[in-house]
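Each chain is listed here by its residues.
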Amino acid sequence: MRREVSIGRPFRRLALPWLLVPLFGMPVHAEIIDRIAISVGNQVITESQIDEDVRITAFLNAEKVDLAAANRKKAASRLIDQSLVKREMEFSRYSLPALSDADASLAELKMRYKDESAFEQALAQSGITEDGLKQRLWWQVTLLRFIDYRFRSGIQIGDSDVDAYYQQQLPKWREQGIQPIPSRDDARPQIEEILTQQRIDQNLDTWLAEARTQVPIRYLDESLS
Amino acid sequence: MLLALGGGSLSALPEQYEGQPIASIQFDPAKQPLTLDQLMAMIPLRPGQLLRGSDVRDAIQRLYQTGEYADIAVDATLGTSGVILKVMTKPNFFVGHVAVNGVSDPPNVGQLVLATKLQLGTDYADEEMKAAVDRVVDVLKRNGLYHADVTYFTRTDTATQQVNIDFNIDPGQRAKFDGLKTTGDSERSPESLLSSTGWKRFRGLFGWHSFTEARLRSGLDNIRAWYPKHDHLLARVSLANLDYHADTNKVTPEVNIDTGATVEVRLRGAKMSSGRLRSLLPIYEERTVDRDLLEEGTRDLAAYFQAQGYFDARATYSTAAPPAGGQQYIDYAVDRGPRHKIVKLEILGNHYFDDQTLRERISVIPATLIRYRYGHYNRNELERDVDGIRDLYHANGFREVEVTSREIDDYMGQTGHIGILIEIQEGPQWFVSKLDLEGVSTDDRAALVLILHSTQGQPYSELNVASDRDAILDFYYNNGYPQATFEFTSTPPAEPHSMDLKFTVVPGPREYVRDVLISGLRRTQPDLVRERIDLQPGGPLSQSRITGSQRRLYDLGIFARVDAAIQNPDGREPDKYVLYSMEEAGRYSMNYGFGAEIGRIGGGTTSLDSPAGTTGFSPRVSFGVSRLNFLGLGHTIGLQTRVSTLEQRALVTYLAPQFEGNANLNLQFTGLFDISHDVRTFSARREEGSVQFGQKLSRANTIQYRLTFRKVNILGTPLITPELIPLLSQPVRVGFVSTTFIQDRRDDPIDAHRGIYNSVDLALASNLLGSQTGFGRIVARNSTYYQLTKNLVLARSTSFGAITRYAGLPEIPLAERFFGGGASSNRAFPDFQAGPRDLETGFPIGGNALLINTVELRFPLIGENLGGVLFNDFGNVYSSVDKISLRFRQRNLQDFDYAVHSFGFGIRYRTPVGPVRVDFSLSPNSPRFQGCQGSIDELLYCGVANPPPGVAAVPLRTQRINVFQFHFSLGQAF
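The listed protein sequences correspond, in order, to chains V and X.
Under our numbering, the first residue of the first sequence carries the number 1, and numbering increases by one thereafter.
Under our numbering, the first residue of the second sequence carries the number 1, and numbering increases by one thereafter.
To be clear, the hints were calculated from the coordinates, so they are not data collected in a lab.
Mixed in with the good hints there might be a few duds.
[Said to hold, decoys possible] Computed list of lysine-lysine pairs in BS3-like fashion (alpha-carbon distance at most 30 Å, straight line):
| no. | chain 1 | residue 1 | chain 2 | residue 2 |
| --- | --- | --- | --- | --- |
| 1 | V | Lys64 | V | Lys74 |
| 2 | X | Lys90 | V | Lys74 |
| 3 | X | Lys90 | V | Lys73 |
[Unchecked claim] Residues from chain V that keep clear of chain X, each with C-beta distances beyond 10 Å, as calculated:
| no. | residue |
| --- | --- |
| 4 | Glu31 |
| 5 | Asp34 |
| 6 | Tyr113 |
| 7 | Pro216 |
| 8 | Glu222 |
Using N, Cα and C, we set each Cβ at its ideal position, and we do this for glycine too.
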């Protein structure tokens, strides 16, 4: 989930509106501006959400927005996972962080650009706003903290795990010419954190796979399934 | 929250709409599941506002979360005054009544409905129907219906979004067993294995049984059962395959049998019969050996010996690894330790609770003479008891209580004696000094205060607060607030040992009943169901009312299944449909039975030899049939018949329970035809019709009003003085009104330990009601029950009755008189042998008054199920009210108006249907009387000193009701 990043062109209109016309017998002068694409339990992911996810991901990755079916499918899959995590947050009555917790990430992002106007121009090209971007960054912070809160407590890293990882890394460090090679005890905190993060990722993947079988997921836009 | 997470201003509408004013909002179709007001209150879009993509998304999310929609889209049209929004919806549909037709039991309808996994009120999806059909087919196949054809059709009610589903089954011919294939080493012959399955009809004489899941399981269980009995505790019997032969429609089960090594269980350190060992150790019951069960066995063994007084008993186990294919041994080693006796249980330091209250919470039982020879004591149990006492104190505000237990070995210097001392330091009691209820309306406050424990001045404890939390949330849930939340804070005020409490309740949005939808009725009148559902459209959605209504429908006794559910239960909408889906029960039910009566019921109907009866045996057969839900009104018509050598009876009843929809009223019509010889003096044919209206006034009080017509013909010649025969053997028609008031405050009607039972029955027979005789009758009973100690109950009962004639026939007819004596009356007498007797024949002729008093001391004897009773009955049936006497002595052989006493001992064995009762009584003043010996034809010469020539003398003989009586029956005496 932390790996998601992309860019895009400005959002101009909803993708695939022509698909929706026959479903509702829309009058010719009207235009569907949003609709349900996927339902996850009692939550929905709308078509506009998917397009926006593609755009913001492209923006964060400094890439061009590409609303091709493959990208929309990837975005839909990410949003399904996020919906499942949202459900879990609701069930566990998780306290949300303040919006200002995303300030640092936003500031860091802005530093990629030479000035404010370049940043705003990039936003406009992707069809997103600064507020919207901040919301997205805040949501990433929220997700990361919740995942850490939800899965870290059940993880135990034993001495043997640390030893095994250390022994595994030694030849690599030597190959890389790292000098001096840290002792096992010195490297222990970092190794424990790396292993913990790995286990969190594994547990999250397992949990998401299980949640996908438990929560009814319905694709109303079949191009996303 | 959820919307905020993905929301913000991320979305951008097509540029021509974003930021434009909203001109209007329409819904398509115009007819929506929710009202326009409800919909507009839900969505963040308003005419006049500027259109934002995030608001559109929020609107879609909120509408979807109502659960009412399968799909939602929003379209926009740019007009001159802004954007015209149209919210286009497709409704969701929900599972309604699921019916299964044409099923051939087994499986029954309930099993098949369950197999569909279509839950009432949940989302309906066409694509799930194939899986539902497959599951039904699977259940049918598992019951031998391999050729079953399953189709379904749905009926959709668009107004209520409910889809009712009918599965139609053509079951085809049920397959039969045709043998048994086994794999593995069964150590048994194929014939023996097959025989134990029971799959052949009468050992094959009538072919094979039909294949059903229950029969297959039973056959496998029977195969399995053999192995533990032959020390193959590790045996595994599993169904490998069902070999179905389509050409012959037969099934051959293939069973894999792995006998495993034989296991011998050996017990060391103590002796025990192998039967008891088998009953104690769970490895035999579970037919498997694993570590948990072996451990459990050690606990069971230790507990067994602890119950024998070896309170230090410990058990361990070890297993010896078997050589390949050899025998495995499980060795249980028991170290019993010395035998002890609990001689004392003492509680010290308790002031707030008395000893009795605390002892009820202590499992330690000091030794008693019979029941607990060594007492009962287990250290783990005592620890739990101490915790329980501590909790009791905590719950009553003693937050600093300390409870400890001490075991005193060799108590008072006696080796092996143990005393248990429980010491309590209560500490101060804490009280609630103030209770603030926040977020509660004035009306709700009044109701809540009545159910809360933690009110001002009451003891303060966390347990009480937790209990109050549950009570408050229940209150709100049951008043339509399913999202109510509760929080509390406690603050110690200035004064010591007190606490200020603040309960904060956030009721959340209230949910209402949109309507009640009833389905599944075929024969039943809909009004019968509606009247029992305590929910109204617009009323609060109350879970307790939903289940209460469901219970009332079950109580009608005409439904095999009543499902209650909320349609779209997880949908966030302000009002909801409540669904009741019924499966009507079969219309007919039958019962039959065989039995026998043994007692002093013997003696010929024409023989004068045994006025007090002789031991006799009377076999009986009974049969009954009931037609339920007559005319769809929930009424029942029943016929119950009984035939024995003493009685032939047919009883027809028509019962209207919950009369006029009122659960407290019932109406019953009864017709009775009965020929009986239960009173030994005469045989009678009784034809009776009655109508009774019953009203339950309160939980304890019931009143019944009856109108009865009865015609009694005395059959043959009654065994009484010849001069009286013409008078008392005439057919008599009696019509009377009567009313009975019953007050029942017993804790357990089958085996009461405390409480009171009163009943008064008043009857008036009058010629205005077509009666040939006029009399008034009262029968009253008062019984009280006192729990003297935890196990000792003192019960007493007094019965009084009187009949007064005022018109019509000169005598009260024989059949209307009081006859007493027997297991539920004065136990000094055999059944119906109390009271006045014919002065020549000695046979009982009944009386016009009765007074019988009974006192019982009920106590446990051995274990939990065997109890004993010491009793004294006294009283009698008297010739008239003014002859009632408590006199002990019988004045002469013609005097029956005195109080006959019986003293006795009884044994009670507790069963699920009440205690089985055996009573032995000794009556020091049982009545003596004179009677003849001979046939009824010789009655004229009874006691005549010089009978005519050719007629044998019929001597008068002084007889006595046997001073020893024995009674056997079911249920306590009263």
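Evaluated hints:
no.	hint	verdict
1	V/Lys64 with V/Lys74	holds (16 Å)
2	X/Lys90 with V/Lys74	holds (27 Å)
3	X/Lys90 with V/Lys73	holds (24 Å)
4	Glu31	violated (6 Å)
5	Asp34	violated (5 Å)
6	Tyr113	holds (20 Å)
7	Pro216	violated (8 Å)
8	Glu222	holds (13 Å)
Of the hints listed earlier, those the structure fails to meet are numbers 4, 5, 7, in rising order.
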